[in-house]
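Next come the chains, spelled out residue by residue.
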Amino acid sequence: MAPILEVKNLFKNYGATEVLKDINVSIEEGDFLVLVGPSGCGKSTLLNCIAGLEPISGGELFIGGQNMTNVSPKDRDIAMVFQSYALYPTMTVAKNITFGMKVRGIDQATQDAKLKQVAAQLQIEPLLHRKPGQLSGGQRQRVAMGRALVRDPKLFLFDEPLSNLDAKLRVEMRTEIKALHQNLGASMVYVTHDQIEAMTLATKIVVMKGGIIQQIGSPAEIYNRPANLFVADFMGSPAMNLIPAKTRRDNGGTVIEIARKEGDPIVLTDPKNADLPEDVILGVRPEDIADPASRTRDDAQVAECVIDIVEPAGADTYVVMQLGGKHVTARLHAETTAKAGVAQPLAFDLGKVSYFAPETGQRLN
Amino acid sequence: MTDISHTRSPSMARNQSPTVKLVLRVVLYILLGLFALFYLMPLFVMITTSLKSLDEIRTGDLISLPREVTLDAWKTAWATACTGIQCEGVRPFFWNSVLIAIPAVMISTLVGALNGYVVAQWRFKGANIFFALMLFGCFIPFQVVLLPMARVLGIMGIAGTIPGLIFVHVIYGLGFTTLFFRNYYVSIPDELTKAAKVDGAGFFRIFWSIFLPLSLPIIVVTVIWQFTQIWNDFLFGVSFSQAGTQPVTVALNNIVNSTTGVKEYNVDMAAAIIAALPTLLVYVVAGKYFIRGLTAGSVKG
Numbered sequence: 040m041a042p043i044l045e046v047k048n049l050f051k052n053y054g055a056t057e058v059l060k061d062i063n064v065s066i067e068e069g070d071f072l073v074l075v076g077p078s079g080c081g082k083s084t085l086l087n088c089i090a091g092l093e094p095i096s097g098g099e100l101f102i103g104g105q106n107m108t109n110v111s112p113k114d115r116d117i118a119m120v121f122q123s124y125a126l127y128p129t130m131t132v133a134k135n136i137t138f139g140m141k142v143r144g145i146d147q148a149t150q151d152a153k154l155k156q157v158a159a160q161l162q163i164e165p166l167l168h169r170k171p172g173q174l175s176g177g178q179r180q181r182v183a184m185g186r187a188l189v190r191d192p193k194l195f196l197f198d199e200p201l202s203n204l205d206a207k208l209r210v211e212m213r214t215e216i217k218a219l220h221q222n223l224g225a226s227m228v229y230v231t232h233d234q235i236e237a238m239t240l241a242t243k244i245v246v247m248k249g250g251i252i253q254q255i256g257s258p259a260e261i262y263n264r265p266a267n268l269f270v271a272d273f274m275g276s277p278a279m280n281l282i283p284a285k286t287r288r289d290n291g292g293t294v295i296e297i298a299r300k301e302g303d304p305i306v307l308t309d310p311k312n313a314d315l316p317e318d319v320i321l322g323v324r325p326e327d328i329a330d331p332a333s334r335t336r337d338d339a340q341v342a343e344c345v346i347d348i349v350e351p352a353g354a355d356t357y358v359v360m361q362l363g364g365k366h367v368t369a370r371l372h373a374e375t376t377a378k379a380g381v382a383q384p385l386a387f388d389l390g391k392v393s394y395f396a397p398e399t400g401q402r403l404n
Numbered sequence: 068m069t070d071i072s073h074t075r076s077p078s079m080a081r082n083q084s085p086t087v088k089l090v091l092r093v094v095l096y097i098l099l100g101l102f103a104l105f106y107l108m109p110l111f112v113m114i115t116t117s118l119k120s121l122d123e124i125r126t127g128d129l130i131s132l133p134r135e136v137t138l139d140a141w142k143t144a145w146a147t148a149c150t151g152i153q154c155e156g157v158r159p160f161f162w163n164s165v166l167i168a169i170p171a172v173m174i175s176t177l178v179g180a181l182n183g184y185v186v187a188q189w190r191f192k193g194a195n196i197f198f199a200l201m202l203f204g205c206f207i208p209f210q211v212v213l214l215p216m217a218r219v220l221g222i223m224g225i226a227g228t229i230p231g232l233i234f235v236h237v238i239y240g241l242g243f244t245t246l247f248f249r250n251y252y253v254s255i256p257d258e259l260t261k262a263a264k265v266d267g268a269g270f271f272r273i274f275w276s277i278f279l280p281l282s283l284p285i286i287v288v289t290v291i292w293q294f295t296q297i298w299n300d301f302l303f304g305v306s307f308s309q310a311g312t313q314p315v316t317v318a319l320n321n322i323v324n325s326t327t328g329v330k331e332y333n334v335d336m337a338a339a340i341i342a343a344l345p346t347l348l349v350y351v352v353a354g355k356y357f358i359r360g361l362t363a364g365s366v367k368g
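Heads up: the protein sequence lines correspond to chains A and B, in order. Heads up: the first sequence begins at 40 in the numbering used here, then just goes up one per residue. Heads up: the second sequence begins at 68 in the numbering used here, then just goes up one per residue.
To be clear, the hints were calculated from the coordinates, so they are not data collected in a lab. Computed from a prediction, not measured in an experiment: that's the story for all the values here. Check the hints yourself; a few may be wrong.
To be verified - The calculated DSS-like cross-link candidates involving lysine-lysine, where the alpha carbons are at most 27 Å apart (straight line), are:
1. Lys134(A) to Lys264(B)
2. Lys153(A) to Lys217(A)
3. Lys141(A) to Lys264(B)
4. Lys217(A) to Lys113(A)
5. Lys170(A) to Lys141(A)
6. Lys155(A) to Lys170(A)
7. Lys243(A) to Lys207(A)
8. Lys264(B) to Lys170(A)
9. Lys248(A) to Lys47(A)
10. Lys192(B) to Lys60(A)
11. Lys155(A) to Lys134(A)
12. Lys264(B) to Lys193(A)
13. Lys243(A) to Lys60(A)
14. Lys155(A) to Lys264(B)
15. Lys113(A) to Lys330(B)
16. Lys113(A) to Lys192(B)
17. Lys365(A) to Lys391(A)
18. Lys391(A) to Lys243(A)
19. Lys60(A) to Lys113(A)
20. Lys355(B) to Lys170(A)
21. Lys47(A) to Lys193(A)
22. Lys141(A) to Lys193(A)
23. Lys391(A) to Lys311(A)
24. Lys60(A) to Lys193(A)
25. Lys248(A) to Lys391(A)
26. Lys155(A) to Lys193(A)
27. Lys192(B) to Lys142(B)
28. Lys248(A) to Lys60(A)
29. Lys264(B) to Lys60(A)
30. Lys153(A) to Lys134(A)
31. Lys47(A) to Lys264(B)
32. Lys264(B) to Lys153(A)
33. Lys248(A) to Lys155(A)
Said to hold, decoys possible - A few chain B residues that face chain A, going by a derived Cβ cut-off under 10 Å, partial list only:
34. Glu123
35. Leu259
36. Thr260
37. Ala262
38. Ala263
39. Ala268
40. Gly269
All residues carry an ideal CB built from backbone N, CA and C; glycine is no exception.
Whole structure, please, built from the sequences with the hints as guidance.
Have a look at this one:
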């Protein structure tokens, strides 16, 4: 079957400024695609291009197998939820939801039936006769979703829909969107700058920077095998430790040396015997530097490090030390005995380690 | 301004005894009262004079109240005062003004709303230049356009007619009405337009169903502004009209300036008040919306 959305060699310029460069993405029906990146990376522009709200400067765009490159937004069979919700201020909630159907000349009975169904689904029946100005942020969010759902489109587009909500509500709505996706089996494209949102919601993530796609993959691929330093640093919280290191071949194995602030370098061996250049940047997730007692893998290698800062976070305690001239975060037990200024044995698990070339920032293994 | 007074008043209140506060209050009200008297003086003189008989004006004091209230001057001004050779009062000219002002206000407001909507929400190539030129149009003095406008009206075949005057006022008002609506619409998030586009609404549908219902405050501002401008206009009225199509301002001038012999001040004053009444009424009825509309702007979605 044809992919539900296919973007081919898409370019977008504003005058001489290129905001999107050679974008190629496609998703299958039922996929949840998340476009993630720092602000100004072009993710919202890409979404607007998919919606047809911004004309594209080059390339092609297919929705449901049909070429939609020059088709107006209303004929693309899409629905969109906006960051500011963009509810029509002078219309009631019910009118907001049915406006699209009214414009398309759908008969009143169908409109009422669909409104009722969506209102029940989103539990907004008591709000139907209110104006958007009388709703809370979370309620507005629901109405905006309702306006999209009622259309039953081929493709849902979300433009940072949760960024105006407070932290607690954001997590709740995140779960709800995920549930909605699972129940409807709908295809969705979702823009966010929040990498946790991206990880939790997506079946497929596109990481963007400066109008260029950095990596496309499943959340696990993006998290475990970031394609370059940018992705490694951007995805995950706390961020992946990126430690400059030296490597050498020794007895047929690959040995990695990381400079410590005081004393000899830490010497680790690569479990996969990767063939590496002399200078590399070692990418280790904080959870792969742990208490020796709690190590889950046998091949974790223990080394002593002087702890600079201890940050208890409830479920875990993060400790920060200096390795290879960089701050390195390790994730320890909540009950750890680590103290600032005291050396602590730490277990380095290199099973999922990433290596990057310092000059290009590209992944090596 | 309000911010400053708000932040200052608590600290001042702390340092003052209640007596000092009271004295300052009284001084303030006295001052305000004096200013109000000063500004109301002309109106007072106009009204009292219009209610006096000519004899009383000649013998009495300018600011004294009428000994005998008479509405004769008003009747004369409305129905029989002479504007040149014609002696029908301001009545026919008053209706001319109504026939000019109402369509001109409606058309210029509606077209201004459309213009503002396009410039603010459908940014086309050159929209900024277009808007800058519109704005420039606001600052062209009336006198400059007189001759070219006369020529245009002649070519269009509507010189000296009421439609001609409506046309002139619409053209001249568009700069302002566009400015008002553009500034109002520019504060409306463009996501609203995008959402409506995705919902399937077109250019006019979005304007009609979403933007116009939002526009009440700015419509009131524009209507008051345009109505005042058009009703009070004299130069266009005197330049582009002929006998029978003159607006009330021109008639007023003719009443005052074409009388020979004794100056009938009471009739002049009554005619002037009649001519000013509609704009006064508009302010009284819609004034609070005017203030509100000028300060309103942001629309919470």
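Hint by hint, here is what the structure shows:
no., hint, verdict
1, Lys134(A) to Lys264(B), "holds (16 Å)"
2, Lys153(A) to Lys217(A), "holds (22 Å)"
3, Lys141(A) to Lys264(B), "holds (13 Å)"
4, Lys217(A) to Lys113(A), "holds (26 Å)"
5, Lys170(A) to Lys141(A), "holds (18 Å)"
6, Lys155(A) to Lys170(A), "holds (17 Å)"
7, Lys243(A) to Lys207(A), "holds (25 Å)"
8, Lys264(B) to Lys170(A), "holds (21 Å)"
9, Lys248(A) to Lys47(A), "holds (18 Å)"
10, Lys192(B) to Lys60(A), "holds (23 Å)"
11, Lys155(A) to Lys134(A), "holds (12 Å)"
12, Lys264(B) to Lys193(A), "holds (17 Å)"
13, Lys243(A) to Lys60(A), "holds (20 Å)"
14, Lys155(A) to Lys264(B), "holds (24 Å)"
15, Lys113(A) to Lys330(B), "violated (70 Å)"
16, Lys113(A) to Lys192(B), "holds (23 Å)"
17, Lys365(A) to Lys391(A), "holds (20 Å)"
18, Lys391(A) to Lys243(A), "holds (20 Å)"
19, Lys60(A) to Lys113(A), "holds (26 Å)"
20, Lys355(B) to Lys170(A), "holds (24 Å)"
21, Lys47(A) to Lys193(A), "holds (19 Å)"
22, Lys141(A) to Lys193(A), "holds (19 Å)"
23, Lys391(A) to Lys311(A), "holds (10 Å)"
24, Lys60(A) to Lys193(A), "holds (26 Å)"
25, Lys248(A) to Lys391(A), "holds (24 Å)"
26, Lys155(A) to Lys193(A), "holds (21 Å)"
27, Lys192(B) to Lys142(B), "violated (58 Å)"
28, Lys248(A) to Lys60(A), "holds (10 Å)"
29, Lys264(B) to Lys60(A), "holds (26 Å)"
30, Lys153(A) to Lys134(A), "holds (12 Å)"
31, Lys47(A) to Lys264(B), "holds (24 Å)"
32, Lys264(B) to Lys153(A), "holds (20 Å)"
33, Lys248(A) to Lys155(A), "violated (42 Å)"
34, Glu123, "violated (56 Å)"
35, Leu259, "holds (5 Å)"
36, Thr260, "holds (8 Å)"
37, Ala262, "holds (4 Å)"
38, Ala263, "holds (7 Å)"
39, Ala268, "holds (5 Å)"
40, Gly269, "holds (8 Å)"
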